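Asker: The primary structure of each chain is shown beneath.
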Amino acid sequence: MSSQDETPEKPEAESRSEFGKSTRRTFLSRLGMASLLATTGPVVTTLGQRSGKGEQVTLSESKDAIPVTLRVNGKKHDLRIDPRTTLLDCLREHLHLTGSKKGCDHGQCGACTVHINGRRVNSCLCFAAMHEGEEITTLEGIGQPENLHAVQAAFVTHDAYQCGYCTSGQIMSAVALLKEPCGPEDADVKEFMSGNICRCGAYPNIVAAVQSVRQNAKSQKTG
Amino acid sequence: MKTFALTRAKDNAQAIATAAKATTAQQGAEIRFIGGGTTLIDLMKLNVEQPKTLIDITRLPLDKIEALPDGGLTIGAVVRNSDLAFHPIVRKNYAVLSEAILSGASAQLRNMATTGGNLLQRTRCMYFRATDMPCNKREPGSGCAAITGANRSLAILGTSEHCIATNPSDMNVAMAALEAIIHVRGTKGERSIPIADFHVLPGNTPQRETVLEPGDLITYVTLPPPAPGSRCLYLKLRDRASYEFALASAAVVITVANGKITRARIAMGGVGTKPWRSTEAEGELTNQTVTQDVFQKAANAALRDAKPQSQNGFKVELAKRCLVHALKLATQTA
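Chain order of the listed sequences is A and B.
Take 1 as the starting number for the first sequence in this note's numbering and just add one per residue.
Take 224 as the starting number for the second sequence in this note's numbering and just add one per residue.
Read the hints as simulated data drawn from the structure, not as lab findings.
Be careful, since some hints might not be right.
[Unchecked claim] To give an idea of the interface, some chain A residues facing chain B are shown, with a C-beta separation under 7 Å as derived from the structure:
| hint | residue |
| --- | --- |
| 1 | 98 |
| 2 | 99 |
| 3 | 107 |
| 4 | 192 |
| 5 | 218 |
[What the hints assert, rightly or not] Quick list of simulated restraints, FRET-style, between CB atoms:
| hint | chain 1 | residue 1 | chain 2 | residue 2 | range |
| --- | --- | --- | --- | --- | --- |
| 6 | B | 294 | A | 163 | 44 to 54 Å |
| 7 | B | 253 | A | 104 | 20 to 30 Å |
| 8 | A | 96 | B | 462 | 47 to 57 Å |
| 9 | A | 183 | B | 556 | 36 to 46 Å |
| 10 | B | 506 | A | 67 | 56 to 66 Å |
From a predicted model like this one, the values you see are computed outputs, not experimental measurements.
Even glycine gets a Cβ: it sits at the ideal position worked out from N, Cα and C.
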């Protein structure tokens, strides 16, 4: 990758890590290397100081930045972003909504799934600047720990995850699926959920979680 | 990703005028329309495409599906794949199109991808996507790494010594069998292009995939009225049950009267460098009786000119069986 490639993610010079200018992802990936070099201690301290203060990473502005207004989880955000910024990077790096995950970054894994105007999309294959005036919903807008969405609660009940990295994308897909013309069978759910890959293989429990929500909704309607 | 200017087209005319300044509408175009972005953004991240200007056409008034007075259908270029696949008229009259679209990609990608964009979907040949490898489609004259490399998923029909890349679209295959007409507006006005003439074979110029010229904007696609009494279906064979490109697929539109095939339209996917309409198979079917033997003759005719590579010889038999089985399913009585 050229340095130009990283422009949208480049943090400002305030980074206090011993690695100098680095994004959170490169920082964390280097953390893995650092532990091999037995310098884990100071690195963890640095990380602790950052998160302890609740400090927000401020991104330097690209010379090509354009003004963009996005509506995310019901809240309006006025931003200046490089046109190359994907919706996923915008959500995570500019708005600090890290519920949406970056897996493949090429629309193949579904970890980045969000809703635009109620429809699920891969946010890694959207340019944020193309989505002004639309209603963007992320996992943070679906439910909160004290007030879980039915799908989130079902994922807990059915143990529908192992490592959890794909889970937010799975949940965003499952929430959208509830309103889509999906057939009643497990096979139908598997087909409709096939855009969300789970490397741990929690699929049977994910299908069970989705089906339980659908059955509850159905019995509430008829009951 | 290389930097670019993002503009939003106010209307078709403005979009066309802006795009007409490009030197090509094919591989490497400096100015590109962007719809769902599911192919283009992916390729921009890989530096396979490096447009300097993107024209957002998603808000142009090309987002309608409308029934035509003659019984046909008009589909706007920015209609999303999921809206097309689930449209009641499409499900009723053009089930092959609905099935083909729903067999491709994922629910998320189908919510994004547009009709026009799917027509222009680029190959998944791994050498096209890897800028450190030779590829005549991406970089004319650099050679084809696939012919001597990993070619299991690549084409066996319509190839040349310069390119064996498969057209990956399922939608295009159904549209080929339905004889869709693609309506294009450009600097010289409007023209209507039958889908069979829209995509071009790689030949000596694999960087050219369609007849589109700079400024050409796909505005809508029309489907002719469904043939009376016809049945249709899409059968797709692949390595995974879902979310995978076809190794071989068949779109069949067939009319049977009193045990005799009166009309057949056959197209195949996963095997051709373009959506592969097989008039050869159609010729073997028309005016014949509905028998396994006739289906087999049609399949043999469809694959007669197949040129398998080192790793994809299996596709010849797979594609034949795919077509035979699709014909069987489409003609069996309930």
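Asker: Compare the structure with each hint and give your call.
Answerer: Consistency of the hints with the structure:
Given hint, residue 98 (chain A) at the interface with chain B, is violated; its Cβ is 19 Å from that chain's nearest Cβ, farther than 7 Å. With a least beta-carbon distance of about 16 Å to chain B, the hint placing residue 99 (chain A) at the interface is violated under the 7 Å criterion. Because the smallest distance between the Cβ of residue 107 (chain A) and any Cβ of chain B comes to about 6 Å, under 7 Å, the interface hint for this residue holds. The interface hint given for residue 192 (chain A) is met, as the beta carbon of that residue sits about 6 Å from the closest beta carbon of chain B, less than 7 Å.
At its closest, the beta carbon of residue 218 (chain A) sits 21 Å from a beta carbon of chain B; the interface hint therefore is violated under the 7 Å criterion. Between residue 294 (chain B) and residue 163 (chain A), the C-beta spacing of about 53 Å keeps the proposed range 44 to 54 Å intact. A hinted range of 20 to 30 Å holds for the C-beta pair residue 253 (chain B) and residue 104 (chain A), which are about 28 Å apart. The hinted window of 47 to 57 Å between residue 96 (chain A) and residue 462 (chain B) is violated, with their beta carbons roughly 39 Å apart.
Range check, residue 183 (chain A) to residue 556 (chain B): about 25 Å between beta-carbon atoms, so the 36 to 46 Å window is missed. Hint check: residue 506 (chain B) to residue 67 (chain A), Cβ distance near 60 Å, so the stated range 56 to 66 Å holds.
Going down the numbered hints, you'll see the structure goes against 1, 2, 5, 8 and 9, while the others check out.
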